[in-house]
Amino acid sequence: MAKEITSRAENYSQWYNDIVKKAGLADNSAVRGCMVIKPYGYAIWENMKDQLDRMFKDTGHVNAYFPLFIPKSFLSKEAQHVEGFAKECAVVTHHRLMNDPAGHGVIVDPAAKLEEELIVRPTSETIIWHTYKDWIQSYRDLPLLINQWANVVRWEMRTRPFLRTAEFLWQEGHTAHATAAEAMAEARLIHDVYAEFAEQYMAMPVIKGYKSENERFAGADETFTIEALMQDGKALQAGTSHFLGQNFAKAFDVTFLNDKNESDYVWATSWGVSTRLVGGLIMTHSDDDGLVLPPRLAPIQVVIVPIPKPEPELLEKAEQIAGLLKSMGIRVKIDMDETKRPGFKFAEYEMKGIPVRLGLGKRDLEQNVIEVARRDTKEKMSVSLDRIDSFVQSLLSDIQASLLQKAKDFRTEYTTEVENYDQFKEVIEDKGGFVSCHWDGTTETELKIKEDTKATLRCIPVDAVEEQGKCIYSGKPSNKRVIFAKAY
RNA sequence: CGGGGCAUAGCGCAGUCCGGUUAGCGCACUUGGUUUGGGACCAAGGGGUCGCAGGUUCGAAUCCUGCUGCCCCGACCA
1 MAKEITSRAE NYSQWYNDIV KKAGLADNSA VRGCMVIKPY GYAIWENMKD
51 QLDRMFKDTG HVNAYFPLFI PKSFLSKEAQ HVEGFAKECA VVTHHRLMND
101 PAGHGVIVDP AAKLEEELIV RPTSETIIWH TYKDWIQSYR DLPLLINQWA
151 NVVRWEMRTR PFLRTAEFLW QEGHTAHATA AEAMAEARLI HDVYAEFAEQ
201 YMAMPVIKGY KSENERFAGA DETFTIEALM QDGKALQAGT SHFLGQNFAK
251 AFDVTFLNDK NESDYVWATS WGVSTRLVGG LIMTHSDDDG LVLPPRLAPI
301 QVVIVPIPKP EPELLEKAEQ IAGLLKSMGI RVKIDMDETK RPGFKFAEYE
351 MKGIPVRLGL GKRDLEQNVI EVARRDTKEK MSVSLDRIDS FVQSLLSDIQ
401 ASLLQKAKDF RTEYTTEVEN YDQFKEVIED KGGFVSCHWD GTTETELKIK
451 EDTKATLRCI PVDAVEEQGK CIYSGKPSNK RVIFAKAY
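Following my numbering, the numbering of the first sequence begins with 1 at its first residue and continues without gaps.
Calculated directly from the structure, the hints in this document are not laboratory data.
There may be inaccurate statements among the hints.
Unchecked claim - Distance ranges between label pairs, derived from CB positions:
1. SER138 with ASP398: 48 to 58 Å
2. ALA180 with SER327: 13 to 23 Å
3. PRO477 with GLU413: 26 to 36 Å
4. VAL92 with SER29: 44 to 54 Å
5. LEU114 with SER29: 20 to 30 Å
6. SER73 with SER327: 50 to 60 Å
Said to hold, decoys possible - With a straight-line cut-off of 27 Å between C-alpha atoms, the simulated DSSO-like cross-links for lysine-lysine are:
7. LYS425 with LYS486
8. LYS326 with LYS378
9. LYS448 with LYS234
10. LYS431 with LYS454
11. LYS340 with LYS326
For every residue, glycine included, the Cβ atom is placed at its ideal position computed from N, Cα and C.
Throw the hints in and build the complete structure from the sequences for me.
Given below as structure tokens:
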């Protein structure tokens with residue numbers, strides 16, 4: 001089969017594309033900029049989705065579903081918002097096709113033009129706030145804590161599987177609150193949920209921060225972000241949570257009566273993570289042999305390969321081991337395919353990033369042992385069958401922890417504090433990674449740096465320590481460090 | 001939207017410069033057999049409007065014109 005993948009050193013983006021394709025995560029589709037998410041890739045997303053959904057519900061949220069289409073007029077009600085998304089919207093103009101009179105298949109029926117064009121949602125704030133107006137009258141209706149799992153479309157010029165596609169899957173939470181403080185607390189709560197998910201489930205360390213005015217979501221007063229660092233030294237915005245103030249409430253006239261019978265506009269948040277997380281997962285852990293998955297999100301955590309081939313005796317043993325592991329909640333697959341040899345299977349499962357492989361060999365079995373191979377380190381161990389269940393269970397949590405630690409170490413190594421602009425440019429250019437430095441707080445400086453170096457202001461860390469310093473660009477005083485990087 | 005490349009079997013490619021039998025190779029696929037502790041081997045098969053539309057020619061995958069799609073690199077973005 002010879003499914004070799006390009007090495008990271010040779011061509012990082014080709015390496016990424018090879019993994020997506022050869023691990024069976026996604027295919028290019030017939031539609032430009034859109035991908036087909038294949039079952040294995042979708043299974044990873046489902047695991048992410050299931051966990052996030054639990055976390056949202058544990059924090060009091062419920063799911064609902066709003067329409068794919070948004071009347072064009074809605075989008076223009078919030079000035080910042082429309083400005084942010086106008087350039088990348090798909091628009092529905094007609095509702096019918098007809099046979100081409102010239103005989104070339106079908107054409108759009110010119111008589112079926114819509115009176116008001118519909119926008120395919122790039123995000124749902126507008127349609128949701130239009131709806132919330134009817135749902136909210138009193139402070140007793142608040143808070144409204146709703147999430148939806150949906151697809152959205154942003155007509156991107158350049159796309160990459162999972163990282164940036166024209167259509168993507170995500171969740172978007174939209175909440176309404178009686179006070180600014182409560183809405184802000186909600187935005188921060190979700191920010192915490194995202195960070196916990198990234199670290200504890202994806203084993204992807206993130207910097208929690210807030211965005212500069214320039215990088216803020218279109219229509220938000222504050223945007224919280226989790227920023228991850230990929231192996232090529234580029235930053236990935238992995239999730240955002242926005243405090244929307246009263247902007248959408250004012251745009252859509254959503255008011256409520258408080259307990260003093262006074263009318264006020266509602267305070268809002270919105271927050272989302274998308275299938276982009278799958279891209280982040282790939283680029284955080286994988287190596288030149290293929291995908292590496294953290295056990296908590298791996299669709300298959302353990303694969304059992306009979307050696308040299310499936311035989312009744314081996315299968316019986318495999319079923320027995322699989323039964324033990326499954327009873328502990330471990331996701332196990334037994335590979336009974338007789339047409340492929342063990343070596344082929346080993347390579348294949350390494351490509352697919354399955355955390356633990358059990359090589360159930362005839363000769364090993366005679367000695368009551370089994371070969372255990374871990375994907376992340378490639379280490380192989382011979383383990384007694386008597387304690388295989390507990391061994392595998394603790395190995396899975398070791399792998400999960402080890403992946404996180406390794407990613408943290410990488411981030412530490414590629415986070416550089418700089419004190420002046422020359423150092424800044426040198427690090428951005430040669431080393432990459434996060435650059436921690438002083439900034440004068442102005443959009444002007446931020447844009448100049450971006451223009452000069454292609455590095456963007458990723459975030460102002462929430463836990464930044466107070467420290468007097470000078471802006472690397474303007475020399476003006478600054479009281480905390482911020483994070484710059486080249487980003488996806 | 002700029003710059004570069006590519007389009008031939010499911011995938012990867014050769015053939016195109018210099019037109020000429022029946023369009024070929026590797027992988028994959030089907031069947032049979034032999035194998036089997038790190039990507040097995042042998043044999044026999046199936047699979048193609050050579051991206052699309054015109055044109056030149058006795059004859060076009062090959063030459064000419066136009067179109068379309070995709071990939072890579074840049075500017076915009078989760």
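Taking the numbered hints from earlier one at a time, note which ones the structure violates and give those numbers from smallest to largest. Going through the list in order, the structure violates hints 2, 4 and respects the others.
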